[in-house]
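Chemist: Letter by letter, the chains look like this.
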Amino acid sequence: METRVKMSTENTPQPNSLAGVAAARVREPGSAPLGSGLEARGVHAWFGSHLALENVSLDFAAGTVTALIGPSGCGKSTFIRTLNRMHEFIPSAAMAGEVLLDGKDIYASGTDVTRIRLQIGMVFQKPNPFPSMTIGENVLAGLKLAQIKYDGNKDDLMEETLTRAGLWNEVKDRLSAHAGGLSGGQQQRLCIARSLAVNPKVLLMDEPCSALDPGSTLRIEDTISQLSKTMTIVIVTHNMPQAARVSDYTAFFLADGGPGQMIEVGPTNEMFSRPKDQRTENYVSGRFG
Amino acid sequence: MATTTVLPRKPWKATKADLIPVFGALALAAILDFVVVAVTPMKGKIAYVLLFFIFGAGFQMALKWRNLGKRAAIDSLAGSVAIAGATIAFTPVLSLLATTIVKGAKGLYPGFFFHDMSVANYQSPLNQGGVVQAIVGTLYLIILATLISLPLSVLTALYLTEIRGKASGFIQFLVQAMSGIPSVVAGIFIYSALLLTTSLRGSTIMAALALAILMIPTVTRTAQEVLLLVPQDLREAGLALGATQWKTVATIVVPAARNGLITAVILGVARIAGETAPLLFTLGVSNKINWNPFSGGQSALPYYVWSGLGDGTELGIDRAWSGILVLLMLVLTLFVVARVFGTRKVKIK
Numbered sequence: 013m014e015t016r017v018k019m020s021t022e023n024t025p026q027p028n029s030l031a032g033v034a035a036a037r038v039r040e041p042g043s044a045p046l047g048s049g050l051e052a053r054g055v056h057a058w059f060g061s062h063l064a065l066e067n068v069s070l071d072f073a074a075g076t077v078t079a080l081i082g083p084s085g086c087g088k089s090t091f092i093r094t095l096n097r098m099h100e101f102i103p104s105a106a107m108a109g110e111v112l113l114d115g116k117d118i119y120a121s122g123t124d125v126t127r128i129r130l131q132i133g134m135v136f137q138k139p140n141p142f143p144s145m146t147i148g149e150n151v152l153a154g155l156k157l158a159q160i161k162y163d164g165n166k167d168d169l170m171e172e173t174l175t176r177a178g179l180w181n182e183v184k185d186r187l188s189a190h191a192g193g194l195s196g197g198q199q200q201r202l203c204i205a206r207s208l209a210v211n212p213k214v215l216l217m218d219e220p221c222s223a224l225d226p227g228s229t230l231r232i233e234d235t236i237s238q239l240s241k242t243m244t245i246v247i248v249t250h251n252m253p254q255a256a257r258v259s260d261y262t263a264f265f266l267a268d269g270g271p272g273q274m275i276e277v278g279p280t281n282e283m284f285s286r287p288k289d290q291r292t293e294n295y296v297s298g299r300f301g
Numbered sequence: 182m183a184t185t186t187v188l189p190r191k192p193w194k195a196t197k198a199d200l201i202p203v204f205g206a207l208a209l210a211a212i213l214d215f216v217v218v219a220v221t222p223m224k225g226k227i228a229y230v231l232l233f234f235i236f237g238a239g240f241q242m243a244l245k246w247r248n249l250g251k252r253a254a255i256d257s258l259a260g261s262v263a264i265a266g267a268t269i270a271f272t273p274v275l276s277l278l279a280t281t282i283v284k285g286a287k288g289l290y291p292g293f294f295f296h297d298m299s300v301a302n303y304q305s306p307l308n309q310g311g312v313v314q315a316i317v318g319t320l321y322l323i324i325l326a327t328l329i330s331l332p333l334s335v336l337t338a339l340y341l342t343e344i345r346g347k348a349s350g351f352i353q354f355l356v357q358a359m360s361g362i363p364s365v366v367a368g369i370f371i372y373s374a375l376l377l378t379t380s381l382r383g384s385t386i387m388a389a390l391a392l393a394i395l396m397i398p399t400v401t402r403t404a405q406e407v408l409l410l411v412p413q414d415l416r417e418a419g420l421a422l423g424a425t426q427w428k429t430v431a432t433i434v435v436p437a438a439r440n441g442l443i444t445a446v447i448l449g450v451a452r453i454a455g456e457t458a459p460l461l462f463t464l465g466v467s468n469k470i471n472w473n474p475f476s477g478g479q480s481a482l483p484y485y486v487w488s489g490l491g492d493g494t495e496l497g498i499d500r501a502w503s504g505i506l507v508l509l510m511l512v513l514t515l516f517v518v519a520r521v522f523g524t525r526k527v528k529i530k
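Protein sequence lines, in the order shown, are assigned to chains U and S.
Under the working numbering, the first residue of the first sequence is numbered 13, with each subsequent residue one higher.
Under the working numbering, the first residue of the second sequence is numbered 182, with each subsequent residue one higher.
Worth double-checking, as some hints may not be accurate.
Stated by the list, open to error - Quick partial rundown of chain U residues pointing at chain S, CB under 7 Å, derived from the structure:
no. : residue
1   : TRP58
2   : GLU100
3   : HIS250
Said to hold, decoys possible - In silico SDA-like cross-links for lysine to any residue, where the CA-CA straight-line distance does not exceed 20 Å:
no. : chain 1 : residue 1 : chain 2 : residue 2
4   : S       : LYS191    : U       : GLU100
5   : S       : LYS194    : U       : SER61
6   : U       : LYS161    : S       : GLY250
7   : S       : LYS251    : U       : ASP124
8   : S       : LYS287    : S       : LEU249
9   : S       : LYS194    : U       : PHE101
10  : U       : LYS161    : S       : THR494
11  : S       : LYS191    : U       : LYS161
12  : U       : LYS138    : S       : ASP414
13  : U       : LYS138    : S       : VAL411
14  : S       : LYS197    : U       : LYS156
15  : U       : LYS116    : U       : THR126
16  : S       : LYS251    : S       : ASP199
17  : U       : LYS116    : S       : LYS194
18  : U       : LYS138    : S       : LEU410
19  : U       : LYS161    : S       : GLY205
20  : U       : LYS156    : S       : LYS469
21  : S       : LYS194    : U       : TYR162
22  : S       : LYS226    : S       : ARG247
23  : U       : LYS161    : S       : ALA253
24  : U       : LYS116    : S       : GLY423
25  : S       : LYS191    : U       : GLY54
26  : S       : LYS194    : U       : SER121
27  : S       : LYS251    : U       : TYR162
28  : U       : LYS116    : S       : ARG190
29  : S       : LYS194    : U       : LYS156
30  : U       : LYS156    : S       : LYS251
31  : S       : LYS469    : S       : LEU410
32  : U       : LYS156    : S       : LEU213
33  : S       : LYS191    : U       : ARG299
Bear in mind the hints are in silico, worked out from the structure with no lab data behind them.
Built from N, CA and C at the ideal position, the CB exists for glycine as well.
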């Protein structure tokens, strides 16, 4: 656990030094692995014979926050679900391409998919705390479900993860209450805490704030900023200001009548101030979508 | 944009290379199974099956443990236990089905579906007489019992899930209690309430009433469960458009639960199709087709089977097996028809 955090800090380039590099870092399938972080190479996704996502290559350097933006139905959620192998739960689903975690293809034969999902956590659009568990049990659910022996003090872990998720002060007196009694925003932060307790390398967030009020949204954005020091975050959002606030890089997806494609990726400030593609310009300025 | 064609893959599906060790392990388990049964005192089919399961599950676990570790090994064991459980549950069912087909096929000839028993008796050669009167009777019984019990059951379920009136708890209790009624009691109830005290005689409708008593709790319970699965949001959406509760239930809730309600009817029909006991007191007797469900005796497939077994002769028992086979085919056909015509086609993009 300790080593992993240390490693990722070492490999984390400072956000400033990365400005302008992201587009260049996107590589073709088959090129040499970056060695850390998460890399999608030529990812295609199908539902039955319907091609939903075409040829997306996108690198997520360790310790960065990448926002995926684009209108509904452009394949953002499909894409994010290929990153931790959730896509395959849909019976008709198929894919092509590679997703590399620390240089290894997570779709390679013989991969332990449960271990992949342990390293690449996910927060869903709708808060989904486990209804039969208390708040405390929810936080530690990952350890129990993944059968991890945790050597440290579990109470400390609970406090640490809840603090990182920005929820500790609100729930510290009722850890043994059921999670259903929390508000939507609190439930979502509980789900984030639950994902953090197993210390993933990457956290995928699929519109985590779409059902929340502005106060809860701001708290979760704070949480994301805190977390990005120790992990790689990919966030799907429809909220442009949010993408601008929390992310280092932004990728714009669009399905222009055909399959969803990634139109452009770059440092967030450039994507919002001077995007290269006219369609990105139109979207971020609110002219369509 | 590169124009190279990319083919869809399913990398999560096991490849042939993945399956070779799996089947290899199973083959090894089979060989070891035969060896162990040969050299140890453990004998018989059960020993073969049990040892094969133990060896097979063990080898799969070892394989998983080697490749993916302990967690995957335990996962594999749980999978093996589930497969074993399904096998244990399905073996008697398949055995019953196979026995019925083998034994029932003996008495089947085309005329079996077109002739009635007025031209033959149970001791006649198997190429005489048939069950057309019993097929008609059973269809009448299923249709009438469904017509009687479906509205009552759905309305009861709606009372319990939508209206939630003061009597809900009591009615729930009654439905629960009704599902425990032995089928013969339903027959005796109709017999003593309607036949013994009046000048009415056993007929199709009387037997259908007895069967409806058995069908109501099954359909009600299932209908209740599927109605509870309809999201509360949908009800609220309907009410928020200014609809009355009745309109919301009739145009939104019930259609949303439609597939589940069909399952409820199928389960209800499955409950009654093979019932014999309630028919003994209520159906009367007929060896010819009786098209009038309201008067005169009627025949039915379970009754035909019961009579054949009661006859006790070899020919009678052969006829009973054929009757069971025809009943199975009839019920299966009804279920397929209900699924095909009752299921709403949802167009998937």
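Chemist: Now tell me, hint by hint, if it's right for this structure.
Modeler: Hints versus structure:
no. : hint                : result
1   : TRP58               : holds (5 Å)
2   : GLU100              : holds (4 Å)
3   : HIS250              : violated (21 Å)
4   : S/LYS191 x U/GLU100 : holds (8 Å)
5   : S/LYS194 x U/SER61  : holds (17 Å)
6   : U/LYS161 x S/GLY250 : holds (15 Å)
7   : S/LYS251 x U/ASP124 : holds (11 Å)
8   : S/LYS287 x S/LEU249 : violated (53 Å)
9   : S/LYS194 x U/PHE101 : holds (11 Å)
10  : U/LYS161 x S/THR494 : violated (69 Å)
11  : S/LYS191 x U/LYS161 : violated (33 Å)
12  : U/LYS138 x S/ASP414 : holds (15 Å)
13  : U/LYS138 x S/VAL411 : holds (19 Å)
14  : S/LYS197 x U/LYS156 : violated (34 Å)
15  : U/LYS116 x U/THR126 : holds (15 Å)
16  : S/LYS251 x S/ASP199 : holds (19 Å)
17  : U/LYS116 x S/LYS194 : holds (19 Å)
18  : U/LYS138 x S/LEU410 : holds (19 Å)
19  : U/LYS161 x S/GLY205 : violated (34 Å)
20  : U/LYS156 x S/LYS469 : violated (67 Å)
21  : S/LYS194 x U/TYR162 : violated (32 Å)
22  : S/LYS226 x S/ARG247 : violated (31 Å)
23  : U/LYS161 x S/ALA253 : holds (16 Å)
24  : U/LYS116 x S/GLY423 : violated (57 Å)
25  : S/LYS191 x U/GLY54  : holds (15 Å)
26  : S/LYS194 x U/SER121 : holds (9 Å)
27  : S/LYS251 x U/TYR162 : holds (17 Å)
28  : U/LYS116 x S/ARG190 : holds (18 Å)
29  : S/LYS194 x U/LYS156 : violated (27 Å)
30  : U/LYS156 x S/LYS251 : holds (15 Å)
31  : S/LYS469 x S/LEU410 : violated (46 Å)
32  : U/LYS156 x S/LEU213 : violated (37 Å)
33  : S/LYS191 x U/ARG299 : violated (38 Å)
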